[in-house]
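> Residue numbers (the numbering used here), protein chains in the order written: chain A, 1 to 326; chain B, 1 to 94.
Worth flagging that the hints you see were computed from the coordinates, not collected in a lab.
Among the clues, some could well be false.
Okay, the calculated beta carbon distance ranges per label pair [stated by the list, open to error]:
1) Gly277(A) / Asp49(B): 27 to 35 Å
2) Glu71(B) / Ser319(A): 17 to 25 Å
3) Asp122(A) / Ser18(B): 23 to 31 Å
4) Met1(B) / Ala84(A): 49 to 57 Å
Bear in mind the structure is a predicted one, so any value in this text is a computation, not a measurement.
Think of the CB as a built atom: it goes at the ideal place given N, C-alpha and C, for glycine as much as any other residue.
Given next are the chains, with one letter for each unit.
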Amino acid sequence: MTAAHTSRALSSPVAAGAASGEAAARAVFGRIGNTPLIALDDLTRDLPAVRLLGKAEWYNPGGSVKDRAAASIVGEAQRNGQLAPGKILLDSTSGNTGIAYAMLGAALRFPVTLCVPENVSDERKRILQAYGANIIFTDPAEGSDGAIQIARQLAARHPDLYFYADQYSNDANWRAHYLTTANEIWRQTEGRVTHFVSMLGTTGTFVGTTRRLKELNPRIRCISLQPDSAFHGIEGAKHLPTAIVPPIYDASLADANLEISTESAHAMARRLARQHGLLVGVSAAAAVVGSLQVAENLKKNQPATVVTILCDSGEKYLSERFWEEG
Amino acid sequence: MTEVQIPSPLRQYTGKQSTVTVPGKTVGDALTALVGQHPDLQRHLYNDDGKLRAFVNVYVNDEDMRYLDKEATPLTDGDTISIVPSIAGGKGIV
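Generate the whole structure from the sequences, applying the supplied hints.
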């Protein structure tokens, strides 16, 4: 097995448009992906045979892993005509995918309408507005599933107005990770990755990366993570037993699934910030908690290279109370 | 009496009710009464130290109780309390 499978940038759309628009499109698409892989060696000091590595996805221009899926969805929809000139991109999102769509919409000059639970942070609302997106706030008590339902209703009512991107059902979501994230991990670890660990939200990251990694080396263990309860504070994550299960999810892929408590994710976010100088978001911290559990459950001195996804930085979560605790 | 709005993931612990009416002169009293009526909510709303979990936000009408008098915030008849998990922070003014 070699590391010959290099990733490629998410392909840019070929839709006709002004030359300046095409240049902007190329520029923004070209900056997505190829994020650094950060060693979290201090966390595994007691496990000398284990390397723990995290993809620093906040290096994407929109600040999160969601740039990959959004770029893939938009690129594909422009190529196949679903996002024709004049159409509005519509989706439900709790934040990061919305930010990615809004950024792409601004750069590629298409309008964006997002259904967002009202309880997302002010920081996020303001970022979306700065990019010029139109926001429809949905009932905070209904969470992300409530936002999905409103987006579905709007899409059904106005099929000519909207391109309903539907990140939960759109195969371009997981394909982004199949084509980029997995190949980057393979290349950056020189084929040494033994475990891949990722939170489940839309499930696109886990599904796409796992499918490709298993092709590259079927022995790579892929572990999915989800919140330990329906009522949780891990942004972007889904408790699948009680949520609308995303149609792109493939339950046959995971070798194991671990449940992560919100409090353990909060504690890890504080620890990474205060002891390692790494300011990550709650779901990134949850992914590190899960990765450490995987590492600690290995046989003694079993060599392993555990790779996880650090979805975004902590900047969008600074108004949360947990930073002040512990 | 105060109406407490229950977020969808917690309705499995309130007999599927989306709102629960409770007595109480303060937010703290009302939440205690809520957990008294539906004891399964305790471990979802509070940590082992008896404090509200860090991601649980409580609003009185549309104000975050953190910026009022917290649990001591007084209630008058007809007030509505909402329990909202922070996906990332509170529901602020846009």
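> So which of the earlier hints does this model not fit?
Going through the list in order, the structure violates no hint and respects every one.
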